[in-house]
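If you read the protein sequences in the order shown, they are chains C and P.
With positions in the first sequence counted from 1, the corresponding number in the working numbering is that position plus 86.
With positions in the second sequence counted from 1, the corresponding number in the working numbering is that position plus 86.
Don't take each hint at face value.
To be verified - Among chain P residues calculated to face chain C with C-beta under 10 Å, some are:
no.	residue
1	S120
2	V182
3	M441
4	W444
FYI, nobody ran anything at the bench for these hints, they're computed from the structure.
By construction, the Cβ of each residue, glycine as well, lies at the ideal position given by its N, Cα and C atoms.
Below are the chains, spelled out letter by letter.
Protein chains: 2
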Amino acid sequence: MAKPARTAITPTRSQDYPEWYQQVVRAADLAENSPVRGCMVIKPWGYTLWEKMQRALDEKFKDTGHVNAYFPLFIPKSYLEKEAQHVEGFAKECAVVTHSRLELNDEGKLVPAAPLEEPLIVRPTSETIIGEMYAKWVQSYRDLPVLINQWANVVRWEMRTRLFLRTAEFLWQEGHTAHATEAEAWEETRKMLGVYADFAENYMAMPVWQGEKTAGERFPGAVSTLCIEAMMQDRKALQAGTSHFLGQNFAKASGIQFQSEQGQLEYAWTTSWGVSTRLVGGLVMTHSDDDGLIAPPRLAPLHVVILPVLIKEESRAEVLEYCHKLREELRNVWWHDQKLDVHIDDRDLRGGDKMWQWVKKGVPLRVEVGPRDIAKDSLFVGRRDTGEKGPVPRAEFVATIGERLDEIQQNLLNRARAFRDEHTHVINSEQDFYDFFTPKNQEEPEIHGGFALAHWNGDESITERIQQDLKVTVRCIPFEDNPEPGTCIFTGQPSKQRVVWAKSY
Amino acid sequence: MAKPARTAITPTRSQDYPEWYQQVVRAADLAENSPVRGCMVIKPWGYTLWEKMQRALDEKFKDTGHVNAYFPLFIPKSYLEKEAQHVEGFAKECAVVTHSRLELNDEGKLVPAAPLEEPLIVRPTSETIIGEMYAKWVQSYRDLPVLINQWANVVRWEMRTRLFLRTAEFLWQEGHTAHATEAEAWEETRKMLGVYADFAENYMAMPVWQGEKTAGERFPGAVSTLCIEAMMQDRKALQAGTSHFLGQNFAKASGIQFQSEQGQLEYAWTTSWGVSTRLVGGLVMTHSDDDGLIAPPRLAPLHVVILPVLIKEESRAEVLEYCHKLREELRNVWWHDQKLDVHIDDRDLRGGDKMWQWVKKGVPLRVEVGPRDIAKDSLFVGRRDTGEKGPVPRAEFVATIGERLDEIQQNLLNRARAFRDEHTHVINSEQDFYDFFTPKNQEEPEIHGGFALAHWNGDESITERIQQDLKVTVRCIPFEDNPEPGTCIFTGQPSKQRVVWAKSY
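In isolation and in its complexed conformation, chain C is listed as follows (with noise of 0.2 Å):
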């Protein structure tokens, strides 16, 4: 193995990609885990994140006409058993609440007291609850559709878990929506995915393929689960949102039903959809490096962090003066309908430990400035995705500063794509396809493989087996214009069309 170039993060990507994730988390401060089982605690960086997401997506729903409103935190088990595959799905794994106090006990110990006549689920999701309302509120067609989002924490009991990726608690947003029509329903399922591709590609600068689970891979109760799938940089799949045709199948759980304009009874078609923090756990492997988190600058805590360089106790006010003027000129700048986030950092600490740090923290722009700089009223700018780094006039810094960022922004895009479409290989044969996913290199297990594009021909018991052998499953069958027919791989039947294959988070 060639002796590895210092980096800020140990292990690199190519050591130990798992490791390596943890450690990006952990040096750019985005979350930790806490001492409740797979919980964690989004720190206020990683929270920051979170928060531009969701601004950014929440103005996405409203555009489409969604309006926002909150739902109980809690599910009556009957409600979970209404719809039998939902419950199946989920049952498995729910925190369940069956008392409503605490009391002190016989040995003086704080005990469970007054238990539930029926116990009561954390929600791991809203369709029964949420079906259970608008069955009360939908009448008539005129009260149709219903468009509802809700923002919410949601609990599914994970035995392992991971940072953002995977924990037992996570946030998420979770779209609700209720039709006349199976057209109109279908057609909210494929606009919302296209909402979250276009979030994923131009705010996360990842991209995604958009396409259709398979049925074993379907959200419990729906009729179709579309998805959009992004690799990350071990060439994993990611799920990164999915948006549910749920068919009359929650709507006769719940007895969402209306009176149609031709005086008829029917039941609503409903969908659902949803993203949730495991985009952040997504960014994070998406862009950064072995020097710590890159953030696209549409979604970064910080766009700009300013550096002062308080060496000599002579010039120190001069130049906090000077960053200080610097950082009003550039809050004031709008990029994209939002104002710059930009912050001084004048800490007492060597400078080199100062700009590391900030380094992790993905900041896309960084910017120094000492006496000799003022003098020339020059800033020296470094560059995070590219690592460039060198001396720019203040005010061209200041009259460039949008374009700089979309220029990172698009950079991110570009070589996430780049990266995406090195690794997504159209593979002809079974044999190739298992040497495909076969790691070649014994000390590099974690990072092999990719995208494979190959023909299948339905059958779920190759999908089990393929599963079995090499962990790699079906990720979508992708939306084609032209979908160009072949021959499975695998059986020598038909297929329609080529699928999507890799191992996934």
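We have chain C; now place chain P onto it with these hints.
Chain P alone, transformed into the frame defined by chain C:
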């Protein structure tokens, strides 16, 4: 009893205030009870009020140096037990998670399975779990202050619930800060109370008393609780926000220790402060009238609703086009750093029905536009707070919209302040005190009394007796620059200053 004028809400405030409140909430479509005991569904119109409150408060928190983060929903039982008063305050009403799975039993019924080693409490407040994290994060005085806020849901198993005012689950923010010195923590406690008071008066148009709680009304575990108290239209007090100085109690319970600048190991000083969706109830009860909600413009879900008069088919297109142009003009107006929220209601409903829906929803300004108005380039404007109606030239309306909204905002505050002052009485004898809080008119049993400013010597046995006799408590010991000493009206003993007494929510 006089024959009441016809009103949109039945009963009126004077007939049955609690029921009037429920009906206003229902008519404005703000929230409703869910099938989960004590948990409400916050509907889109109510949630938008909360979102606007969140945005305004969040900005104020950030302006005062705070950042947001997120901590686990669950608190291990042993954490709650660390602070003796704290656990006593919350153990009686908490949701206890005891299992992590549902499983079919022998009778084919789904029952809780996989019991947890230690029960988890759904957070009623987060001092203990956040304290645990701060103990890890804080090592040195350089790590202080920690200034973090969390937006979250919390659960307190209340037996008697009321939409927004008291619900088992509610949404809130909880600030949690840690400081190196007692003085700093006190400053923070007072500063955040000031933020709440400013928000209440300038956004909610709800005047408040600021002061300190008596020992009996303190937050469990706090050294001191500061609060803002508002008067509702039934003259009862609503505690609208609290800011707690926690001293070193929670730092000791959680072990938040740091190396001081002098090298000594010391416990941090902590604070916590919160407001909740209860504020939505307070807003409703402060301003609404017998025709429904009146939303203060700074928080109104919509500032202006445009009601096209679409009776004649031949003018329909022209009227709608005019309305859309008007909406665009208004939407481009900036008012207090926000764009205006403007909606065109073009539903096929009778004009009167439509108008009354918006009256009940409390939109500050309604604008009717018909062909005859268009001919004069004029609008028919209705103002929700005063009921004034009349024609206004379009250009003038657009040019003065900001001033109109400011005027409405100011009028609501003035009106609420006048009401509060009218029903705030200086009381100098026990007899007058009992008279003040005893209903005179059996037909209007609910609305009487108000705020009594009376001297009290601080004896908690007095407050217990008063609470039993009259259901009246000390709402706060108000902040006074020059507190005027006097004689306790109950004991004849010396009193440092007058305190605020009232019935309360």
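How the hints compare with the structure:
Here the hint on S120 (chain P) is kept, as its CB sits about 5 Å from the closest CB of chain C, short of 10 Å. Because the beta carbon of V182 (chain P) sits about 4 Å from the nearest beta carbon in chain C, less than 10 Å, this interface hint is met. Against a cut-off of 10 Å between C-beta atoms, the interface hint on M441 (chain P) is violated, since the closest Cβ of chain C lies about 18 Å away. Restraint check, W444 (chain P) versus chain C: the minimum CB separation of about 16 Å is more than 10 Å; hint violated.
Hint check: violations occur at hints 3, 4; the rest are consistent with the structure.
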